[in-house]
Amino acid sequence: MSPIRYSIRASDTDMSDNIISEESAESVDYSHQPSVWSRLMRNPSVIIGGLLIALIVSLVPAAPFLTPLDPTDISPRNRNKVPGFETIHKDDQGNRYTQVAHMGTDKLGRDVFARVIYGARVSLMVGLLVAVIAVSIGLFIGLIAGYFRLVDAVVMRVMDGLMAIPAILLAIALVSLSGATLFTVIMAIVIPEIPRVVRLVRSIVLAIREEPYVEAAISVGTPTPKILYRHVLPNTIAPLIVQGTFICGSAILLEAILSFLGVGVPPEIPTWGNIMAQGRDLFQIYPHSIFYPGIFLTLTVLAINMLGDGLRDAIDPRMSKEI
Amino acid sequence: MPLDQHNVLSVKNLTIDLPRNADRKHAVRDVSFDVAPGEVVCLVGESGSGKSVIAFSVMGLLAKALNVSAGSIELEGEHLVDVTEDRLRELRCTRMGMIFQEPMTALNPVMRCGDQIDEVLQEHTKLSSDQRRQKVLDMIEQVHLPDPQRMYSSYPHQLSGGQRQRIMIAMALILEPVLLIADEPTTALDVTTQAQILHLIRELQSEKQTGVLFITHDFGVVAELGDRVAVLKQGELVEFGTTRQVLSAPQHPYTQMLISSVPRHEPPDRKPLAHDAPVVLRTEKLKKQYFSFSLGKRRNVVDAAVDISVEIRKGETLGVVGESGSGKSTVARCITWLIESTDGKIYLSGDNIAQLNSKELRKLRRKVQIIFQDPYRSLNPRRTVGQSIIEGPMNYGESKADAIQHARELMELVQLNPDGLDRYPHQFSGGQRQRVCIARALAMRPELLVADEAVSALDVSVQAQVLTLLEEIRDRMQLAMLFITHDLRVAAQVCDTVAVMSKGRVVEYGSAKEMFQNPQHEYTKALFEAAPGRDFVFGGNPNSM
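Sequence order for the protein chains is A and B.
Start counting the first sequence at 1; every next residue gets the next number (the numbering used here).
Start counting the second sequence at 1; every next residue gets the next number (the numbering used here).
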């Protein structure tokens, strides 16, 4: 890193720091500094990642319009059909109609396209919920642990313990205790994620609590909760948004892994992991029922990670590789 | 030109552009100067004047965003601006060496010091490893480091700041370059260490007839070391001449202003305090110890401050002077209750505040306010200046409207536009931010104002203005002031009484006037002795101070 500063401050060196008269000349015009928003809008990975996510998220409300089929409808006649096969279905009035299975059907004759599109709901919900829950709990614990040194020693040992639990084993344990539900899956992913957030927040708080402006707040008698809320918390938001996107991506992936292993969301709910799990046996003959959900999963996680990378570069330029 | 053949370095009409989004067009504009063999040329200027940019452009280490748009740099007649990267690499160390401000970051922390110097020889010479080792040891001895063998195998963190800077100098000079560039090499060091390093640079440079380009913001250092001096203002060279000429009889108004801002080493005559002025702060045997625990047992006890007994009266300024690690900031932080003292008493207007519970403390807290060193970090960047100033009074139940009204008055008091309350700290310069910090402290209507190196991060001209402001405020509001500084000149200007601290203890305590004229303690004497440029008579217009 070059020690040269890129922008040189409007200097203090003006012969008059006599400010009332020289205010406009002296104060720095920062209007040329791009705002976070405009930096975001110029970052290609934010744009590409954001557009992809928008596209995938739009599948959630749009699913019923994209296919008239129910993703859970079993059709024994149409098992294991390759993509492009025309299947015959009955509507509510008993009228028959033909429908092209764009992505083929699975071993129970369910339409893979419908399952993949409806599966986006669960996958995205798991990702979002895990990110929100893990970040909120982690933020709270991290603030306390970082600011109060006595609490820190105890809390961080607990966190070290939590971090040692593999998500998959925890999920198996939870499922065998309380049955496979969406809630168990989310819990199983959230718990090992929390310590990572706590560590991040704590490291930021440890640095910020030594800042002179925090000490200044102490010396003007600001109560500790207000110090945490006003002076410390805002510094954690940007890194947490970035961390949140990565958690979201890895949670979607983990949910798929858990479902694939059969310890995740119950098999009747379509999720990308479930679809792949059910296509596992016949993968060599009918790869389509793994291939399509796999593509959606990959694209989603890729898009989220691209967005996270871009956010990090735009929000915190020091971490960016471009400078 | 034959004259140029003589010069080690000659810079002609150098112009370096800044990137488009910077606040001015050129980092450096049309700068010309030269360095003769065996000569020390000082580049002086305040922050942002472009002095480091010049040094980096000579070394070919300019950041990619900056580029030389006009002019030439010649090292012994060889053009450096368009030379290839390979040739530059050859020239660095062999023909020109550089030392930096912060020796800790300039040295590789995971490599032994000797090996780091040896690397230079490996790159640029064909000596055998035994010869190289011998040469490195010789060089370590030349920079007067004790026990060269041990120094050779030490890691940077095992050495003190001064020792590390000596290693840097050894590394820069081992191939006997014709030009040494020193970029504020003593700024991060204590005054006594600084004196030693300056002496060392002088000694080696005259021995080897090296030309030195010495970058500094400190006119004391210039007076001590420089043969000639170039004064830069916002990238333009305003004055270039011999040190004596420039410092004693500066021609350009900017140089005159800068030099007259340098605080004098002698305390001015001050109004004596009223005899009946009440005592605001008195400490009795104040003590702060740090413990390191290991498996529940106390292992290490560090005495950060021991037996500190001082007194400040209304309208008086007590200066606490000392080098880094002397415990002066510890004292300030104990008194402001940012850390808890281990033992002793702190009387604030008669109340002992040393051992209080947090509720009682809160009531007394507003009586003591502190101003910190770094104006860039002492204001929350996400809150407007106004929010920062009214935070304290509102904590103590003042209504928002009253607090804002008071804040507007205070902004005027610290000579800032009251409309600036709605702005964020980054819209202010360093000196202005320090004024805001003063306003924030005053908003609490304190009795004691603690200034912890409050002007140390400021450029000399701004420093002079902030010091004047602090004095005015102290007199107008009849505050007691505790002024922590490492800079003897600053202490001489503002303090009525001075306490000199060394290794956690007050070694000398008394009236500033007497102490500066006739220091008693050995340490005080050494400290005064080491102050750079102490015997130099600075010119300029003394009235503008």
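What the hints contain is simulated information worked out from the structure, not anything from laboratory work.
These numbers come from a predicted model, not from an experiment.
Positions of the beta carbon are idealized from the N, C-alpha and C atoms, including for glycine.
Any given hint could be a false lead.
Okay, derived cross-link-like pairs now, DSS-like style, lysine-lysine, Cα gap no bigger than 27 Å in a straight line [to be verified]:
| no. | chain 1 | residue 1 | chain 2 | residue 2 |
| --- | --- | --- | --- | --- |
| 1 | B | K287 | A | K226 |
| 2 | B | K208 | B | K285 |
| 3 | B | K287 | B | K345 |
| 4 | B | K287 | B | K271 |
| 5 | B | K367 | A | K226 |
| 6 | A | K226 | B | K363 |
| 7 | B | K400 | B | K285 |
| 8 | B | K285 | B | K367 |
| 9 | B | K285 | A | K226 |
| 10 | B | K367 | B | K287 |
| 11 | B | K287 | B | K314 |
| 12 | B | K359 | B | K271 |
Calculated Cβ distances over 12 Å to all of chain A for the following chain B residues [claimed, not checked]:
| no. | residue |
| --- | --- |
| 13 | R87 |
| 14 | L159 |
| 15 | R244 |
| 16 | R362 |
| 17 | P425 |
| 18 | Y523 |
Comparing the hints with the structure gives:
1. Of the supplied pair hints, the one linking K287 (chain B) and K226 (chain A) is violated, its CA atoms being roughly 31 Å apart against a limit of 27 Å.
2. A C-alpha spacing of about 52 Å is found between K208 (chain B) and K285 (chain B), which places the hinted pair above 27 Å, so the restraint is violated.
3. Between the alpha carbons of K287 (chain B) and K345 (chain B) the distance comes to roughly 9 Å, so the proposed pair stays at or under 27 Å and holds.
4. For a cut-off of 27 Å, the pair hint linking K287 (chain B) to K271 (chain B) is broken: about 32 Å separates their Cα positions.
5. Only pairs whose Cα atoms come within 27 Å are accepted, and K367 (chain B) paired with K226 (chain A) is accepted, the gap being roughly 21 Å.
6. Taking the CA atoms of K226 (chain A) and K363 (chain B), the gap is near 17 Å; set against the 27 Å cutoff, the hint holds.
7. A hinted pair counts as satisfied when its Cα atoms are at most 27 Å apart, and K400 (chain B) with K285 (chain B) does not qualify at roughly 41 Å.
8. For the proposed pair K285 (chain B) and K367 (chain B), the alpha carbon gap of about 21 Å is at most 27 Å, so the pair holds.
9. Distance hint between K285 (chain B) and K226 (chain A) is unfulfilled; the C-alpha atoms sit about 34 Å from each other, more than 27 Å.
10. For the proposed pair K367 (chain B) and K287 (chain B), the alpha carbon gap of about 21 Å is at most 27 Å, so the pair holds.
11. Restraint check: the Cα-Cα separation between K287 (chain B) and K314 (chain B) comes to about 24 Å, which is no more than 27 Å; the hinted pair holds.
12. The straight-line distance between the Cα atoms of K359 (chain B) and K271 (chain B) is roughly 39 Å, outside the 27 Å bound, and the hint therefore fails.
13. Every CB of chain A lies more than 12 Å from the CB of R87 (chain B), the least distance being 20 Å, so the non-interface label holds.
14. The Cβ of L159 (chain B) lies farther than 12 Å from every Cβ of chain A, with a closest approach of about 21 Å, so its non-interface assignment holds.
15. Against chain A, the non-interface label of R244 (chain B) holds: every CB pair exceeds 12 Å, the least being about 24 Å.
16. With 12 Å as the threshold on Cβ separation, the claim that R362 (chain B) sits away from chain A is violated: the shortest Cβ distance comes to roughly 6 Å.
17. A Cβ of chain A approaches the Cβ of P425 (chain B) within 12 Å, the least distance being about 9 Å, so the stated non-interface status is violated.
18. The non-interface label for Y523 (chain B) is consistent with chain A: the shortest C-beta to C-beta separation is roughly 29 Å, beyond 12 Å.
Comparing the model with each numbered hint stated earlier shows that hints 1, 2, 4, 7, 9, 12, 16, 17 do not hold.
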